[in-house]
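Protein chains: 4
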Amino acid sequence: MYSFKNDYSEGAHPQILNALIETNMVQEEGYGEDHYSLQAAELLKEKMGRSDVAIHFLTGGTQTNLTAISAFLRPHHAAIAAITGHINVHETGAIEATGHKVLTVNSGKDGKLTPAGIQEVLDAHPDEHMVKPKLVYISDTTENGAVYTKNEVEQLSTFCKENYLYFYMDGARLGSALTSSANDLDLSDLPNLVDVFYVGGTKNGALLGEALVICNDALKEDFRFYMKQKGAMLAKGRLTGIQFLELFRDNLFFDLAAHANAMATKISEGIDAAGYGFLTPPVSNQIFPILPNTLLEELHQQFNFFDWEKVDDEHTAVRLVTSWATKEEAVDAFVESLKKKVTE
Amino acid sequence: MYSFKNDYSEGAHPQILNALIETNMVQEEGYGEDHYSLQAAELLKEKMGRSDVAIHFLTGGTQTNLTAISAFLRPHHAAIAAITGHINVHETGAIEATGHKVLTVNSGKDGKLTPAGIQEVLDAHPDEHMVKPKLVYISDTTENGAVYTKNEVEQLSTFCKENYLYFYMDGARLGSALTSSANDLDLSDLPNLVDVFYVGGTKNGALLGEALVICNDALKEDFRFYMKQKGAMLAKGRLTGIQFLELFRDNLFFDLAAHANAMATKISEGIDAAGYGFLTPPVSNQIFPILPNTLLEELHQQFNFFDWEKVDDEHTAVRLVTSWATKEEAVDAFVESLKKKVTE
Amino acid sequence: MYSFKNDYSEGAHPQILNALIETNMVQEEGYGEDHYSLQAAELLKEKMGRSDVAIHFLTGGTQTNLTAISAFLRPHHAAIAAITGHINVHETGAIEATGHKVLTVNSGKDGKLTPAGIQEVLDAHPDEHMVKPKLVYISDTTENGAVYTKNEVEQLSTFCKENYLYFYMDGARLGSALTSSANDLDLSDLPNLVDVFYVGGTKNGALLGEALVICNDALKEDFRFYMKQKGAMLAKGRLTGIQFLELFRDNLFFDLAAHANAMATKISEGIDAAGYGFLTPPVSNQIFPILPNTLLEELHQQFNFFDWEKVDDEHTAVRLVTSWATKEEAVDAFVESLKKKVTE
Amino acid sequence: MYSFKNDYSEGAHPQILNALIETNMVQEEGYGEDHYSLQAAELLKEKMGRSDVAIHFLTGGTQTNLTAISAFLRPHHAAIAAITGHINVHETGAIEATGHKVLTVNSGKDGKLTPAGIQEVLDAHPDEHMVKPKLVYISDTTENGAVYTKNEVEQLSTFCKENYLYFYMDGARLGSALTSSANDLDLSDLPNLVDVFYVGGTKNGALLGEALVICNDALKEDFRFYMKQKGAMLAKGRLTGIQFLELFRDNLFFDLAAHANAMATKISEGIDAAGYGFLTPPVSNQIFPILPNTLLEELHQQFNFFDWEKVDDEHTAVRLVTSWATKEEAVDAFVESLKKKVTE
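Residue numbers (the numbering used here), protein chains in the order written: chain Y, 1 to 344; chain E, 1 to 344; chain H, 1 to 344; chain L, 1 to 344.
Treat the hints loosely; a few may be bogus.
Heads up, simulated EDC-like pairs for lysine to aspartate or glutamate below, C-alpha to C-alpha not over 20 Å straight-line [to be verified]:
1) Lys5(L) / Glu33(H)
2) Lys5(Y) / Glu33(E)
3) Lys339(L) / Glu328(L)
4) Lys220(Y) / Glu128(L)
According to the in silico footprint, chain H covers these stretches of chain L (three or more CB under 8 Å from chain H) [stated by the list, open to error]:
5) 18 to 32
6) 87 to 93
What the hints contain is simulated information worked out from the structure, not anything from laboratory work.
Being a predicted model, the structure only gives us computed values, none of them experimental.
All C-beta atoms, glycine included, are put in the ideal place defined by N, C-alpha and C.
Next comes chain Y alone, as it looks inside the complex (with noise of 0.2 Å):
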């Protein structure tokens, strides 16, 4: 059985774990004081051509959205997010457990915010007896497989300046995003449009590892100590330093990425080839074509995947995730199995 069901589901890139290996018995600072940690942090910067953000690394999506976002809003504070977004659904009501509502905003089938949708929760939100909105939550790809735009994030930055509300990018899977058909960002682009985002090891191919990039000076001061009370400080830091050194070295990380798009894109021809249709246009690692019931129940008996969503009494939309480890064998075995089923 071959799992497409999500891209965390090998270890690391082997050049991640080799460069592991070579520095395992150098000794070095705790705490994300150590050379690697720094060097990669200087070395994002330079990707991003900007020397004035600050870089932290933590160990997954949740703790680094709950950390961050905590440590930016004030107690009458909250956030607002797609419906689907991650923070909303999926992290157990971690920003809450921190204090702060999410208010949500019913962003249709790619997840996407819109400067209309934020608006409107702003207009339901005028006067101290409810919360006061303050940092706006974007997943870039989103939880829906979706990419945003260049235009579309410009809009909202400015969106967000206008009404001061602080612009947050969650990049849990950033790589997929920016090498995306449907992408026109740059990595560098970022730190001029959010105030916040973070990039995305643990889906693209490192054993764990986000490096959150604060961008607004505002926001900066202190960081480390919310780190380290969330329980986001390792001890070894090393860990996270060393695998992205190794990710943006040279062009791994993009690599990675287009390598996951690239095996989504084959599936997605297959899927078209063959007649099926889609929940939203397939443009990422995460794709969520719409198939007959018949025809998964023999998928399944070879492939894992999540079923996503009943379209109609016959039909369910899945989801099918790629990642930078996924064999082009397994790929081209999905597609066949699916034609002959289809041929038959």
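Following the hints, position chains E, H and L against chain Y.
Structure of chains E, H and L alone, referenced to chain Y:
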């Protein structure tokens, strides 16, 4: 410059890295439901002779403490710790950030709690105008390098049961404790004596990882919810599972700790032979010799370690920490330097 | 300008003020342990026919909701409320500030919850990646002036029991509910149907004060700790005790609510006679007539009340609130103005 | 049995009750936007000679402390208090429940903080592994009945400014402090010396009510949001507004406090004349005489008061509290009983 600053200066024991490499491309479930994590939990239960404990893998000490303690306490409950306890001093108010007061006992040089000390706290909190003490936190080894005897832990255990207090042991350095010459506890004793404890991996040869062991049935329910909410559930949970599997497959966990202790003992003996004393008896991988400032000036030029506290105008207690990775040559060099200096 | 903006525009019923004066110089214990509070609690228990409930007096609705709900839930638990529920919208994120997510049900114009609506929330929260729904919050009357029937509450009660959910009723306007023509619940029914509810004093003739009634044994323990911790325990607890004693000594609580309802009914009848309809059926002391904007312009010159929502380009639903203090002359004047305008 | 247990045993000064009656049927805005609250705030500003402070009325001390302190601090910030400070001991962990550690100073019998004591706390918190001390909390009078001199407050003020610490004064018994013989502070001095303080009404003649005065511009923003979120905003805000208007319309606030102090002084003089001493100098409405246990046995049969602490096997320090309501006959009777007993 060789470092005796802490026990997390290097990466991981090579056997652990090797296991990561060997398992790297196996596809597994995420979030701790992989086979390695499940096996590691079973293995730990066997080593403890208790199939009924619940075991969860987290990434670090502060994270483990805050996730577990906040899961167990109701809003008005407080934890009791030695004034030197890690949760009281060195976790940036992580417990308070989850809403709970940490009540402290002046515990003396060794950092140990006693029933008498806890009783004083209970006596001072008689009614609803004050928090209700509910959990007793100890560390073994303590933050000052001391090791609890079985009798001491039994007394605390009985006291806690009699007073309806949860008994929690922070085992960040449990390996060093259990292999100390001052120890008469066995790993398998702990589930009978405490309600919860954790087995520290980070400071004993793992890249990261702590194994939380919940022994009290009343505290087991829904624990994975708390982990997820606090950002303590790794997508690639295999990372901690594989490491603990390796640490406990044979005797690696204890071998590594024994090495750390042996190295500390060797330094201690050298210091003792040179005629110097200690702040607390040197029984674990953290030792606190009291040395003349003139000697320290020289040693600091060759070795990295922390000055701990001023003893008098001419003497300072320092902290030397050894680990699984400590090289005997470095230990010998340290003792040699000391001797040379003394005989000058 | 006479105000129909809310039911807390005046002070307290004169009988209550009188009781404050008469008891003023009696020395009493503080923090709710005075004789008046103890007697008031006993009296309420008698009125409910239940000696086993626990009763605590707090100062306002938001305080009562946040203190009680946060006391009952564990960190990963969430409350379920109508999207219009007071805890979701109008308490500045008070529940989230204690760490808990509020999950919402789109509940329609009347603001009532149904088992079907709650079931949808349960279905969407199957595992530890999401919060665990644990408490169902309803308001009677609802924020939209609707009143639950006994059958509706029984159905919710059964559903909650079957699903291990706490059932919590916000009774800020319970007086109006229990004396509504649409009501067939008795105060004494409530302890058999809900786990917790409160009897609102602030909006029914008291200066301030809500009587929280904890019916579920499992939720009674240590409640005074939570009150003190949230700043909800008045040093002069007599202030709420005396008021509830007065409200329930005879029938004052119900008489005052009946007056408020009667005044609302009189306005409703006038509006109905004038040919206008309502957003929701007018059954309590909050009514929501839909009136032409031209008429509203005139009425706003004589009366204070809130525009509630735009219905179409020419009509707006407004909220009119009556209370124990509403003067019949004002009601008559309002109806007269309306009539005059209509016949013009 | 006459009670000297506390200063909240009776209701309110008759003039205050009278004002409640006279204004009772006037319709007003809710939530502190009524004319009485607005006028009371203006009046207080006049009395302080500062039009730029922000004033909010809350219901009790714990509520005021937790709402204000949690509003001002960021998640990693801690408050510094005397070990005897109300927020440290007697508020059921209210500050910690909002996420913040309370760091303590061993402050001696009088319960006063000094710059030296605070400096020690600062020195012990140098980096991000520990909380960041940010707010200094003092009470005037202290929990032990002591009164700060102007010079002491000035020194603390300067120290706080130099160290970027907010300076917060709990004025639950500020009336007694400002009218004490040991006091040389004027109400109008406070806005120049502290960042925030509150003027206690509950313990000085009001039914309930504390006036929070925010002097530091940086702390004023959005404060009403915090009040609402913590359940600290009364629907009938007029209740606190009317009372403070009455207390400060003329000199009632100071007259009542002066009476309380005078009664305490009369008792103190009687105790002194009888040859007994005090735990701390008797300068406010809380005095702590040290009396023989045999004498206390007799006194306890006639009067209610708290035993405070055992001094030796035969002597106990007790706490006697007087108030605006204390009757001179009761004071005389107490002194008489004492004298009689002594001369026996």
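How the hints compare with the structure:
{"no.": "1", "hint": "Lys5(L) / Glu33(H)", "result": "holds (14 Å)"}
{"no.": "2", "hint": "Lys5(Y) / Glu33(E)", "result": "holds (14 Å)"}
{"no.": "3", "hint": "Lys339(L) / Glu328(L)", "result": "holds (16 Å)"}
{"no.": "4", "hint": "Lys220(Y) / Glu128(L)", "result": "holds (14 Å)"}
{"no.": "5", "hint": "18 to 32", "result": "holds (count 10)"}
{"no.": "6", "hint": "87 to 93", "result": "holds (count 3)"}
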